[in-house]
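Participant: Chains B and C: place on chain A using the hints.
Chains as they are written, first to last, in the numbering used here: chain A, 5 to 281; chain B, 2 to 357; chain C, 782 to 1088.
Bear in mind the hints are in silico, worked out from the structure with no lab data behind them. Small disclaimer: the values here were computed from a predicted structure and weren't measured. Certain hints may be false.
As the list claims (entries may be wrong) - The calculated lysine to aspartate or glutamate pairs, modelled on EDC-like cross-linking and capped at a C-alpha distance of 20 angstroms, are:
#1 A/Lys108 / C/Glu803
#2 B/Lys108 / A/Glu190
#3 A/Lys171 / A/Glu190
#4 B/Lys178 / B/Glu28
#5 A/Lys171 / C/Glu803
#6 A/Lys36 / A/Asp244
#7 B/Lys178 / B/Asp194
#8 B/Lys178 / B/Asp166
#9 B/Lys178 / B/Asp29
#10 A/Lys43 / A/Asp244
#11 B/Lys320 / B/Glu284
#12 B/Lys121 / B/Glu171
#13 A/Lys171 / B/Glu160
#14 A/Lys171 / B/Glu55
#15 C/Lys1052 / C/Glu861
#16 B/Lys121 / B/Glu176
#17 B/Lys133 / B/Asp166
#18 A/Lys171 / B/Glu54
#19 A/Lys36 / A/Glu48
#20 B/Lys133 / A/Glu48
#21 A/Lys108 / A/Asp167
#22 B/Lys133 / A/Asp244
#23 A/Lys132 / C/Asp833
#24 B/Lys108 / B/Glu125
#25 B/Lys133 / B/Asp109
#26 B/Lys178 / B/Glu54
#27 B/Lys320 / B/Asp224
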Amino acid sequence: MRNFRLIGTVAHRLALLVYIAVALFPLYWLLKIAVTPDKLLYTEGVRLWPSHITWSHFRFVIENSDFPIFFRNSVIVSGSTAVVVTALSSLSGYALSRFSFRFKFWLVGLMLVTQMFPLVMLVAPIFKLLSPLGLTNSLTGLVIVYTAFNLPFATFLMQSFFDGIPKDLEEAAMIDGASQFTAFREIILPLTLPGIAATLGFVFTAAWSELLFALMLISGNDAATFPVGLLGFVSKFAVDFGQMMAAGVLALIPACIFFLLIQRYLVQGLTAGAVKG
Amino acid sequence: MASIDIAGITKNFGNIEVLHGIDLDIEDGEFIVLVGPSGCGKSTLLRMIAGLEEVSSGDITIAGRRVNDLAPRDRDIAMVFQSYALYPHMNVAGNMSYSLRLRRTAKDRIAQAVSGAAGKLGLEPLLDRRPKALSGGQRQRVAMGRAIVRQPKAFLFDEPLSNLDARLREQMRAEIKRLHAELGATSIYVTHDQIEAMTLADRIVAMQGGVVQQVGTPLDLYDRPANLFVAGFIGSPGMNFLPGRYDAAPGPAVILADGARIALPLDPGLAPGAEVTLGIRPEHVALGESGGMEAGVDLIEPTGLGIILHLSLQGVGLKAFTADRGVLNSGPSIRVSLPSAHLHLFDSAGNRVALR
Amino acid sequence: MTLAARPIEARPLMRRLAIAWEPYLYSAPTVILIVTVMLVPLVVGISYAFRDIQLLNPFSGGYVGLAHFRELWQDQAFFEALRNTVWWTGASVALQFFFGLILALLLNVPFAGRGLVQALVFLPWAVPSFLAGLNWAWLFNPVVGPLPHWLFALGILSSPENILSDPNLAMWGPIAANVWWGIPFFAITMLAAMQAIPADLYEAAAIDGAGPLQRFGSITLPFLAPTIAITVLLRTVWIANFADLIVVMTGGGPADRTQILASYIFTQAFKRLDFGYASAVSLVLLVLLLIYSLLIVALRQTVLNRS
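The shape of chain A in the complex, shown without the other chains:
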C-alpha cells in the first residue's frame, strides 16, 4: 500500500514535469536562438544551449528597427482596451448580476451569438464603417473594435465575480444611506478587485495578440501593432532568425508579466465566466 502510494506520487510529479517541459520548451527555444551568435546558429543548430551567447540581436532590434514604435502602439492599444473594457464590463456585468429586466434575456443572447460568428466576416463591414470616420489606420479605431470584441466575454467574467458577492452587502449600504450606484462603487467594486485584475489581464493579453484586424485596419508602420510589425519583420529579415526571435521574446514579455500577475484570479474567476461565455 505504501509502495503503491509512493509510485503514484512519483508518477504524478513526473507527469507534471512533462507538462512543464512541453509548456516551456518552445519559449525556451525562442530565447535560445535569440541569444545565439549568428555564426553558431547552424553549427550548433540543435544544441540545447549555445557555447557563446550574445545580446546583439536584441540591441539591433531595439536600435535599428521600428520595433519601439510597434511596442509603444501595442502598449497603448492593449492598455486602453483593457481599461475601457474593464470599466464597461463591470457596469454591464453588475447589471446582469443584480437586476432582472425585460431586456436581459436578449442582452445575454446577443452576447452569446457574438461568440459564434466568424470575426473575419466583420472585417470588410467594419472597414467600411470606420473608414469615413477616419478611424482606419488609427489606434483609436483599433481600441474601439477590440473593446467591442472583448466586451461579451469580459461581461460574463465580471458577472461571475459579482455573483459571488452577497447581495446583502449593497442592501446594507443602501439602508446606510447609499444609492445603488454609490453602493456599487464604494462597497461592491472594491470587493471585486480580483475580478477586475483578471479582466484587465485577460483583455490586455487578447488585445496584445490580435492579428487579423490589426493587419486589415492598419497600413504602414506608424500605427502598426506588434503582431503586424512582427509579421512584416519576418518577411523583411527572413534570413535573420536571431533578430526575429529577439523581437519575439520582446513581444512576449509584457503578456507574460501580465499573465503571471493575474493568473491566480483568472483561474478563480474563469469558472462561471468561461462556462457561461
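Facilitator: Using the frame of chain A, we list chains B and C on its own:
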C-alpha cells in the same frame, strides 16, 4: 423614533401573491416581533418596510410620512441582517461610521457616535479590526453597532441571531432587550424562533401563508391563541391537539375518537356533533392521578429543567411536561387527565372558541 | 444630536422611472458598442454575400443574388477547405480536451508548489497567438528548430525535413501549436469545475469502497459533464473560426492542404480583395456552426431529459 403604519400591504412575485393584505400599526418605541415558519412572508414584509422590495399595493407610513416610493436611504431606518452584511474591506470603525460618512456628518461627531455605540456594545478594543478577524458574536455586535450609531427612526432585524450558537444567541437576546430598554427605539424583529419572539416582543405578529394570524402580547398568544396555527407554533414542546366531537348533554364536553368524554368548563355555544379540536399544553396535562385515562408511555426525555413524556392516548400522540422526577420510574402506562381549566377549543375551521 | 435624513421630496414617478432605467444605464455602453461594432457589421456582412463587393473596384457593389453561392458550389478549394476545417477542428479540440483534462486532474491534487506549477503550465495561454504560430513554425524549421531532427531520430520522419512544407503532414504543424496553446484553457475550466465538487462526496465514495478509477467515473465525470459539454461546444466554434495560427504558419499551403474555411475567407478577402465572395463563404461557415451548436444543445437536452 417613530410609529410605523402598514395598511393593506400585498406583494406579488410575478403572478404569485405572497402577502395578502397585511395591516399593522406599530407604536412609537414598540418592539414588534414577526414570527412564523420559513416562507410565511415575514422577511418580505420587513424588506418592504426597509425599501428593499417594492410594495405591490397598500401603504407603508413611517412617522406619518408615506414611504412607498422612497429609496431605502431616504427612509431613515437601520437594519441588522442575518448574515450581518459587514463590509469586508472596512474595519469595525469604518463599518459603523459608513452611514454617517455618507451623510457627510462632521468628523468629530462621527468619532463621538462611534465611540458611544462601541461603548454600549463593548467593541472599543476591536475598532481597528477587519470583520474577517472577528468571531461570530463580535460580528453580530458590530452589525448592531452599525445600526445604533445613526439613531434612526426605526430598527429592523432580519433573523439576526440565527447564525450564532445556542449560548451566544441567549446572551445576545438579552443584550438586544437591554439595548431596546435603553434606546427605546421602534423595532421590528423577524425570527422563526418562538422563544426569541416570546422573550423580546412587546407584541408578537404571528404569520403564516402571507397572512397575519394573530397580533398580541406574548402571553396573549400563549394563553389565548387565535387558531390552531398560533397554538401549535408558540410554545415548546408544542400544544397537544386531540380531534373530537362536541356534545352538549348532559354537560358541555368533547367526545374523543375512542369515546372518552372530556368535560368543558362552560358552554361554548356550538351545535352538538360539531367537529372540534381540543388543545392542551404539555405542562397542563395532569399525570399519575387516580381517575383520568390510561395512556401508554412511548418515550421519556429528561431536559434537566423537567421531563417530557411522549404518551399515546388511544392511538393519539400526547406530550406531557412535568418537573416531577418521579415519572422517570413510571411503568409502561400512566394515568393522565386533562384539567378543564386549561383546555383550548378550536372549531372545525381551526379558530379559537372561547372557554374562559 | 440629530442625524435626520436629507429632506427629499417623495417623487413617486421619478423614482419609478429611475428604478426602471437603472439596469439599462449600466448596460447601455456595452450594448451600444456591441451593436454598432459587431451586430450591424454582421448584418452588413451578410448582405455582402449577395453583392459584388471588390475593394479596389469602384464599379462593384451591385446585387448579384445567389451568384456567389453558385460559384461556391463549383469551388473545389472551398470543399477542400471544408474538409480541412473538420479535420483541424476535430483533432485540435479532441487533443486539447484530452491533455487539458489530464492536466486538470494532476493539478487537482494538493502538493507543495502547486501555485508555481500552475502558473508555468498555463503560461502558453498568455503567448500571443501569432507569436505561438511563429514560434512553432520556427521549431519545425530544420534550420533552427530541433523538432525535425528529433522526429527523424525517433524514426517518425524519414529525413529531417520541415513538415510544414510536406502536403501530407503540414496540418499537424498548426494542430500541434494549437494544442500547445489551448491546453491551459481546457485545464483551467475543468480545474475550476472540479474544485466545485464537494469533497465529502469523494469521502463517502471511498468509505463505500470505490477505488480511484471508480470515483473518477462515478463522481468526477458526471459532475464535469455539463462543463465539458459547454466548453467543447464553445471551443469547437471558436477553433473553427480561428485562422491566426494557419495564416502565420503555412498561409494555407502547401497546395492548400492546410487551408481551412476561416483562412480561406481571409485569403479571399485580403489577397483577392473579393469581399462579396468571402462573405458568402463566411455565411456558409456561420450557418454550419449554428447547425452544429443547435445539434449539440438538442443532444444535451435529450440526454438531460433521459436521466
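Participant: Run every hint past the structure and note whether it holds.
Facilitator: Okay, the hints, checked on the actual structure:
1. A/Lys108 / C/Glu803: Since the Cα atoms of A/Lys108 and C/Glu803 sit roughly 13 angstroms apart, the hinted pair holds (cutoff 20 angstroms).
2. B/Lys108 / A/Glu190: holds, 19 angstroms
3. A/Lys171 / A/Glu190: holds, 14 angstroms
4. B/Lys178 / B/Glu28: This hinted pair holds, its Cα atoms lying about 17 angstroms apart.
5. A/Lys171 / C/Glu803: holds, 17 angstroms
6. A/Lys36 / A/Asp244: holds, 14 angstroms
7. B/Lys178 / B/Asp194: Holds, because 15 angstroms separates the two Cα atoms, which is no more than 20 angstroms.
8. B/Lys178 / B/Asp166: holds, 18 angstroms
9. B/Lys178 / B/Asp29: holds, 16 angstroms
10. A/Lys43 / A/Asp244: holds, 11 angstroms
11. B/Lys320 / B/Glu284: Given pair B/Lys320, B/Glu284 holds - Cα atoms ~9 angstroms apart, limit 20 angstroms.
12. B/Lys121 / B/Glu171: holds, 18 angstroms
13. A/Lys171 / B/Glu160: holds, 16 angstroms
14. A/Lys171 / B/Glu55: Holds: A/Lys171 and B/Glu55 sit about 16 angstroms apart, inside 20 angstroms.
15. C/Lys1052 / C/Glu861: Measuring from Cα to Cα gives roughly 19 angstroms; hence the hint holds.
16. B/Lys121 / B/Glu176: The given pair, whose Cα atoms are some 10 angstroms apart, holds under the 20 angstroms limit.
17. B/Lys133 / B/Asp166: With Cα atoms ~18 angstroms apart, B/Lys133 and B/Asp166 stay inside 20 angstroms; holds.
18. A/Lys171 / B/Glu54: Cα-Cα ~13 angstroms, so holds.
19. A/Lys36 / A/Glu48: holds, 11 angstroms
20. B/Lys133 / A/Glu48: violated, 58 angstroms
21. A/Lys108 / A/Asp167: Given pair A/Lys108, A/Asp167 holds - Cα atoms ~15 angstroms apart, limit 20 angstroms.
22. B/Lys133 / A/Asp244: The hint is violated at about 58 angstroms.
23. A/Lys132 / C/Asp833: Judged against 20 angstroms, a Cα distance of about 15 angstroms means the pair holds.
24. B/Lys108 / B/Glu125: holds, 18 angstroms
25. B/Lys133 / B/Asp109: Violated, at about 27 angstroms.
26. B/Lys178 / B/Glu54: violated, 28 angstroms
27. B/Lys320 / B/Asp224: Satisfied, since the Cα-Cα distance of roughly 18 angstroms is no more than 20 angstroms.
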